[in-house]
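Number of protein chains: 4
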Amino acid sequence: MGSSFGNIFKIHTYGESHGVALGVVIDGCPAGLAIDESFIQSELDRRKPGQSKITTQRKEADEFEIVSGVFEGKSTGTPISIIIRNGDQRSKDYSHIADKFRPSHADYTFQAKYGIRDYRGGGRSSARETVARVAAGAIAKLLLKHYGISCDAYVSQVGSLKLEKSYTELDLSEAENNIVRCPDSSLAEQMIALIDETRKNRDTIGGIITGVIKGTPAGLGEPVFDKLHAELGKAMLSINAVKGFEYGSGFEGVKLNGSDHNDAFYKEEEQIKTKTNLSGGIQGGISNGEDIYFNVAFKPVATIMQDQESINEAGEKVTVSGKGRHDPCVVPRAVPIVEAMSALVIADYLLISRSNRL
Amino acid sequence: MGSSFGNIFKIHTYGESHGVALGVVIDGCPAGLAIDESFIQSELDRRKPGQSKITTQRKEADEFEIVSGVFEGKSTGTPISIIIRNGDQRSKDYSHIADKFRPSHADYTFQAKYGIRDYRGGGRSSARETVARVAAGAIAKLLLKHYGISCDAYVSQVGSLKLEKSYTELDLSEAENNIVRCPDSSLAEQMIALIDETRKNRDTIGGIITGVIKGTPAGLGEPVFDKLHAELGKAMLSINAVKGFEYGSGFEGVKLNGSDHNDAFYKEEEQIKTKTNLSGGIQGGISNGEDIYFNVAFKPVATIMQDQESINEAGEKVTVSGKGRHDPCVVPRAVPIVEAMSALVIADYLLISRSNRL
Amino acid sequence: MGSSFGNIFKIHTYGESHGVALGVVIDGCPAGLAIDESFIQSELDRRKPGQSKITTQRKEADEFEIVSGVFEGKSTGTPISIIIRNGDQRSKDYSHIADKFRPSHADYTFQAKYGIRDYRGGGRSSARETVARVAAGAIAKLLLKHYGISCDAYVSQVGSLKLEKSYTELDLSEAENNIVRCPDSSLAEQMIALIDETRKNRDTIGGIITGVIKGTPAGLGEPVFDKLHAELGKAMLSINAVKGFEYGSGFEGVKLNGSDHNDAFYKEEEQIKTKTNLSGGIQGGISNGEDIYFNVAFKPVATIMQDQESINEAGEKVTVSGKGRHDPCVVPRAVPIVEAMSALVIADYLLISRSNRL
Amino acid sequence: MGSSFGNIFKIHTYGESHGVALGVVIDGCPAGLAIDESFIQSELDRRKPGQSKITTQRKEADEFEIVSGVFEGKSTGTPISIIIRNGDQRSKDYSHIADKFRPSHADYTFQAKYGIRDYRGGGRSSARETVARVAAGAIAKLLLKHYGISCDAYVSQVGSLKLEKSYTELDLSEAENNIVRCPDSSLAEQMIALIDETRKNRDTIGGIITGVIKGTPAGLGEPVFDKLHAELGKAMLSINAVKGFEYGSGFEGVKLNGSDHNDAFYKEEEQIKTKTNLSGGIQGGISNGEDIYFNVAFKPVATIMQDQESINEAGEKVTVSGKGRHDPCVVPRAVPIVEAMSALVIADYLLISRSNRL
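Chains as they are written, first to last, in the numbering used here: chain A, 1 to 358; chain B, 1001 to 1358; chain C, 2001 to 2358; chain D, 3001 to 3358.
Calculated from the structure, these hints are not laboratory results. Note that the Cβ used here is the ideal one computed from N, Cα and C, for glycine as well. Do not rely on the hints blindly, as some may be mistaken.
Label-pair restraints from in silico Cβ distances [to be verified]: (1) C/Asp2045 / A/Glu65: 53 to 63 Å; (2) A/Lys267 / C/Arg2058: 58 to 68 Å; (3) C/Gly2073 / D/Lys3275: 47 to 57 Å; (4) C/Glu2189 / B/Asp1099: 36 to 46 Å; (5) B/Ala1034 / A/Asp36: 54 to 64 Å; (6) B/Glu1270 / D/Ser3173: 43 to 53 Å; (7) D/Glu3072 / C/Lys2317: 50 to 60 Å; (8) C/Glu2164 / D/Glu3063: 48 to 58 Å; (9) C/Asp2260 / D/Ser3173: 44 to 54 Å; (10) C/Lys2267 / A/His146: 24 to 34 Å.
Below 20 Å or equal to it, Euclidean Cα-Cα: the simulated SDA-like pairs (lysine to any residue) are [stated by the list, open to error]: (11) C/Lys2275 / D/Lys3317; (12) C/Lys2267 / D/Gln3111; (13) D/Lys3162 / C/Glu2252; (14) C/Lys2317 / D/Ala3264; (15) D/Lys3267 / C/Gly2115; (16) C/Lys2267 / D/Lys3317; (17) D/Lys3317 / C/Gln2271; (18) D/Lys3200 / C/Asp2260; (19) A/Lys255 / B/Leu1161; (20) C/Lys2275 / D/Val3318; (21) A/Lys267 / B/Val1318; (22) D/Lys3317 / C/Thr2276; (23) D/Lys3317 / D/Met3305; (24) B/Lys1074 / D/Asn3356; (25) A/Lys255 / B/Asn1201; (26) B/Lys1275 / A/Glu316; (27) B/Lys1074 / C/Ser2017; (28) C/Lys2074 / A/Asn356; (29) B/Lys1317 / A/Ile272; (30) C/Lys2317 / D/Lys3267; (31) A/Lys267 / B/Gln1111; (32) C/Lys2267 / D/Glu3313; (33) D/Lys3145 / B/Lys1162; (34) B/Lys1162 / A/Glu252; (35) D/Lys3074 / B/Lys1162; (36) A/Lys317 / B/Ile1272; (37) B/Lys1074 / D/Arg3357; (38) A/Lys267 / B/Glu1316; (39) A/Lys267 / B/Gln1271.
Chain A with its partners taken away, still in its complex shape (with noise of 0.2 Å):
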């Protein structure tokens, strides 16, 4: 279990790090979108390794093929499956980690829990599974981009550099500007030259990813269980290294009192709006038309350049030696996950509306 996501726009994913091939089966794409190849590329390569100095530099080409579902460079309503092949999955040598448990890994508890694991760069727990992601979002994201609504995301955050200014003051276009997608680019700066220093130190650092949702008509979400920021969550907590999220006032909104926190509605131009937004442009799990945001928290990535104590299958003392080439902060390379995994929620929640009413 857990390799399907969605309910009607649903997809289905599968591959290890080192295996032959990662990939993803969409079901439930209406027919008739037209498949634009190239944006799905250009998404790719915005998560890609190797794409600046500071992200690993590990080199794979990710270039995707579609093997079924799309007739004519349209999709037909069956399943479209996408293969990403992995370039060069032979004969490297993981047997220094074969058997030992990585720090904040998830070794152990593939283990425990299944008593066998592929080890090679953490099998199915690495994040090289969020390129099946990201190709999925990609038909996601046109198919949302028909109806006229965005999901975009930037880097809020790297360790304590805080970006203060609110989505709304910023013009998120910039964020593609600079290598680790902060739309402000003086803090942009300091924060190539944090994780660059992180990197020197062979270490590295968390930071914050901010996701904006425009164009969504209000009434997507599923009353109770499966409102919107509720699988709007899961699916940002379903990301590797994520540790949090929080959606329009989020966790500091609990400091203020209720007068403050509401959001007046009024008419204009025969359009319902709130005057403030603390809502998040989501109300008792279902969207009012507002723009929709929220922030995820990631740790820092757990493989560092260092030497860490642990121990081995047998429960012996083993020394884990940092090796290889890795991402010193995951949040560059995140954001178009983010925004892969809002497009997939919007998506889904955009045809589940569609049984609303008679």
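Put chains B, C and D on the given structure of chain A with help from the hints.
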């Protein structure tokens, strides 16, 4: 959609705030579990309105009836249906809000979604719905108790009054000894005073609940999308008024370096443990046997005893007046709800894990 | 597991034969549907015991109560919960079968599965459970009526007495004019005589029900596993005592050549039709707009008024004596159940189909 | 929707007849199962076209590749993805049927549903899709073999040539000794002659496959909607060209009296058995440990080598000419498909049953 939760231990709820009844159908409880009805009632009583001066003074008996699935005191493996009748839903006059959209409530979004809504007390969007969760959660707790697992929660923040100690430094059983359910008695007094003052100001205030799950075996949780903390996060975010969820190091953890954040493994008496627990008992989405702990942020209650500007269904400006008896702060009564949702998640994942291996 | 049916128009049932109540929660009925309570009651009455001399003489009121999801006579989009209380489940003495395994009943299999069972009247395995299906099916029928779709059924065989005419040669409304629900009045008389004779012999007999669905638009049904007839077949096979399902040409069709079996397309007044309909209105698992028709085979009722050899839980030889008042033939009362299950399938697939296209 | 099957042992398939590839993702196979690749290939070979003179003469290699979920020869508990590339899907000319609706095919219904379709060889509606089922079924069979359960099938009828013996009187292993897969060698010869003659007449013919499942423990199957035979029936009805399903006494059983139909229990060497088995190994939807047996009716293949009248997308009259190489009778190649679907159902229910009890 939206009124079901879980995969194997699965619940389906129904009912409106001022309808005939609320209830839950639990499908998937293993056969042979002794169903302690007095325990279920005691859990409902912890959530019940009118239990102290800092909660709403409304009176609801919240008496339940089990109408199926239990035979001679034990679960039979068939659906357990529990009904809680609403005491007195007649004749109450809701005409003053029938067509008004109360600020930061779900009136507008339900109307936008369905084109019709039961406006009495918020209908399905009312927090009264959580009575069904607590009843189901009580059954889940009984199941978990059988396997030595406990799910506890307490209030760790009201407004800006924050409990700075970790749960490991506290006696959690103290939480039930005061009406705000904070295990630090002196802080509890301050919290009570703050809530009482807020109430007198005809206002409301937010807060944070911390949850702690002990006794979980290593191996619960599913890779990729259904990570244990992702499902736990969804469960918490689905509770009325929740704006955020974090587990382990959470949002603060983003500031750390990996070398400080990683939890070192060691072995003690045939058991694998970690020296620190910033992971929050979950690695790669799967429990590692350490305590699971998390925070849930609740916004201030939207219903305030003040006049507020808003609009009605026709789009006309109206005044929404605060009437009736409402909670000035939701967290004291939300403690058993957080526990119930934790228990439902763990019970479900415990059963799912039975299929891990040959 | 097992007590839920449907994907979008989804139902969850509960209740034991001699428990407190049976019921159903319908999640996913679109908002705005007028809920005609007298229609629901009339459907329940068609299934009710004691309605004629050829059914069981047990008396059950089968009065229902809607406790949620309906406001001012219309569905609100939230779960519709319907409860049917069992009239008199007290004190009845079941000690004579408490530990015996009745032949061809589910006593042994429930015991083998769960290690515990409510032995009173078969508990959850009793056909009394279908009262909840009929209540839910009535709501589904109301939804389908709104879209011009009807789901009818009638008895086409009792024992070896077979109605040789096709449904197209019959006036189906005649079925409700006799107690066996066969639209051919002279054959109906023979069937009634046969059932009556069987009853006098303290025995039981099987039969076949034919279902006919009219007004379905082309395009309902999902490729591959969730073909319309596959879901319809599952729905029928889930009814107590059903041993077989066939649609269109069915089992007889295997003898034909393709050149005789194929249905030729033609166009009439802007509508695409087929000259014959051996396909049974479904091609590739998707409705083509022609009538959907099918047969459902019911075995003879297992409870007979004769002594039978069996064993008890301890494995000892025992005699099971026929007692009480039971149906000598299940098909007359099963007609509304077949209709209800048809309606549930079509309602669900109608809503699913809303997501087919952009 | 529609391309997923199962609850815990769950499969997701994709692919079009003349697309790049077909495949399946199996999520929920327990970890530690030895994956015998040669067995998977042998199962695919049993379904492969061109295997004898009575099947289509098309050549497809049907070679598969496992790209995830297996490590060092064993399942790891993560999704097993299997891909079967289409040999030669280039340039073939389908222009003669591109806009025509072939009689009793899914061309029209797919067009009505989606407004677009991959017309090459039927696209997603082609029986070529079943190659993915057989691959997944092979994994399920390996799992069941581990627990001593077998799923076999054979041809019991072609046209009006019917095998009158019960499976208990036959040596089922004989079925693989002739090209029609009927365990009675003399009847097999007649069947082969009939199919051959039908082929020469440029026509097709239907048939019946009987399935037999042995070694199932008592207790598999879920009450009410997910009865074991209901899921089995859905599985069979989802196979291309299937028109009917019956198990145990089936349609013939309706003629019997209860006193003849009931299966008496007895105990033999600590095992509870029934003297007869008209129940077909399932009572109340739950297996009782006896053999499960059932019949599946297949209509004559719709593609015939004759000219047929039809219409095109524009509604104009057209002639559909029979071209290419097609099966004159589908049942010989459908035997491994019936087995595969049986195995998928039993594997899933076996895992589900692990949650029955404390």
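Hint by hint, here is what the structure shows:
One distance hint, 53 to 63 Å for the beta-carbon pair C/Asp2045 and A/Glu65, holds here, with the actual separation near 59 Å. For A/Lys267 and C/Arg2058, the Cβ-Cβ distance of about 60 Å falls inside the hinted range of 58 to 68 Å, so the restraint holds. A C-beta distance of roughly 56 Å is found between C/Gly2073 and D/Lys3275, which places it inside the suggested range of 47 to 57 Å. Checked against the hint of 36 to 46 Å, the C-beta distance between C/Glu2189 and B/Asp1099 comes to roughly 59 Å, which is inconsistent with it.
Between B/Ala1034 and A/Asp36 the CB atoms are about 59 Å apart, so this pair conforms to the stated range of 54 to 64 Å. In this structure, B/Glu1270 and D/Ser3173 meet the distance hint of 43 to 53 Å, their C-beta atoms being roughly 49 Å apart. Between D/Glu3072 and C/Lys2317 the beta carbons are some 53 Å apart, a value that agrees with the proposed interval 50 to 60 Å. Between C/Glu2164 and D/Glu3063 the Cβ separation comes to about 51 Å, which falls inside the hinted range of 48 to 58 Å.
Our hint of 44 to 54 Å for C/Asp2260 and D/Ser3173 is violated, since their Cβ atoms are close to 35 Å apart. Distance hint check for C/Lys2267 and A/His146: the Cβ-Cβ separation is about 32 Å, which falls inside the suggested range of 24 to 34 Å. The hinted pair formed by C/Lys2275 and D/Lys3317 meets the criterion: a straight-line CA distance of about 13 Å does not exceed 20 Å. The hinted pair formed by C/Lys2267 and D/Gln3111 meets the criterion: a straight-line CA distance of about 15 Å does not exceed 20 Å.
For the hint pairing D/Lys3162 with C/Glu2252, the CA-to-CA distance comes to about 12 Å; that is within 20 Å, so the pair holds. Distance check on the hinted pair: C/Lys2317 and D/Ala3264 sit about 11 Å apart at the alpha-carbon level, within 20 Å; holds. Between D/Lys3267 and C/Gly2115, the direct Cα distance comes to roughly 18 Å. Compliance with the 20 Å bound is thereby established for this hinted pair. Distance restraint check for C/Lys2267 and D/Lys3317: the Cα-Cα separation of roughly 8 Å lies within the 20 Å cut-off, and the hinted pair is therefore satisfied.
With a C-alpha separation of about 13 Å, the suggested pairing of D/Lys3317 with C/Gln2271 holds against the 20 Å cut-off. Restraint check: the Cα-Cα separation between D/Lys3200 and C/Asp2260 comes to about 16 Å, which is no more than 20 Å; the hinted pair holds. Between A/Lys255 and B/Leu1161 the CA atoms are separated by roughly 8 Å; this keeps the pair inside 20 Å, and the hint holds. Straight-line distance between C-alpha atoms of C/Lys2275 and D/Val3318 comes to about 15 Å, which keeps the hinted pair within the 20 Å bound.
Pair hint A/Lys267 plus B/Val1318 holds up; C-alpha atoms about 12 Å apart against a cutoff of 20 Å. With a C-alpha separation of about 17 Å, the suggested pairing of D/Lys3317 with C/Thr2276 holds against the 20 Å cut-off. For the suggested pair D/Lys3317 and D/Met3305, the alpha carbons sit about 19 Å apart, so the restraint of at most 20 Å is met. With a C-alpha separation of about 13 Å, the suggested pairing of B/Lys1074 with D/Asn3356 holds against the 20 Å cut-off.
A distance of roughly 16 Å separates the Cα atoms of A/Lys255 and B/Asn1201; the hinted pair therefore holds under the 20 Å criterion. Only pairs whose Cα atoms come within 20 Å are accepted, and B/Lys1275 paired with A/Glu316 is accepted, the gap being roughly 15 Å. Taking the CA atoms of B/Lys1074 and C/Ser2017, the gap is about 17 Å. The hint holds against a cut of 20 Å. Proposed proximity of C/Lys2074 and A/Asn356 is supported: the alpha carbons are some 13 Å apart, at most 20 Å.
The suggested pairing of B/Lys1317 with A/Ile272 holds, with an alpha-carbon distance near 11 Å, which does not exceed 20 Å. Between C/Lys2317 and D/Lys3267, the direct Cα distance comes to roughly 8 Å. Compliance with the 20 Å bound is thereby established for this hinted pair. Proximity of A/Lys267 to B/Gln1111 is assessed by CA-CA distance (about 15 Å); at most 20 Å being required, the pair is judged to hold. For the given pair, C/Lys2267 sits about 11 Å from D/Glu3313 by alpha-carbon distance, which is consistent with the 20 Å threshold.
Distance hint between D/Lys3145 and B/Lys1162 is unfulfilled; the C-alpha atoms sit about 58 Å from each other, more than 20 Å. As the CA atoms of B/Lys1162 and A/Glu252 are separated by approximately 12 Å, the hinted pair is consistent with the 20 Å bound. Of the pairs offered as hints, the one joining D/Lys3074 and B/Lys1162 is violated, with about 51 Å between alpha carbons and a cut-off of 20 Å exceeded. At roughly 11 Å between alpha-carbon atoms, A/Lys317 and B/Ile1272 fall within 20 Å of each other, so this suggested pair holds.
At most 20 Å may separate the alpha-carbon atoms for a hinted pair to count; B/Lys1074 and D/Arg3357 meet this at roughly 11 Å. A threshold of 20 Å between alpha carbons decides the hint, and for A/Lys267 with B/Glu1316 the separation of about 8 Å falls inside it, so the pair holds. Of the pairs offered as hints, the one joining A/Lys267 and B/Gln1271 is violated, with about 62 Å between alpha carbons and a cut-off of 20 Å exceeded.
Violated hints for the displayed structure, listed by number in ascending order: 4, 9, 33, 35 and 39.
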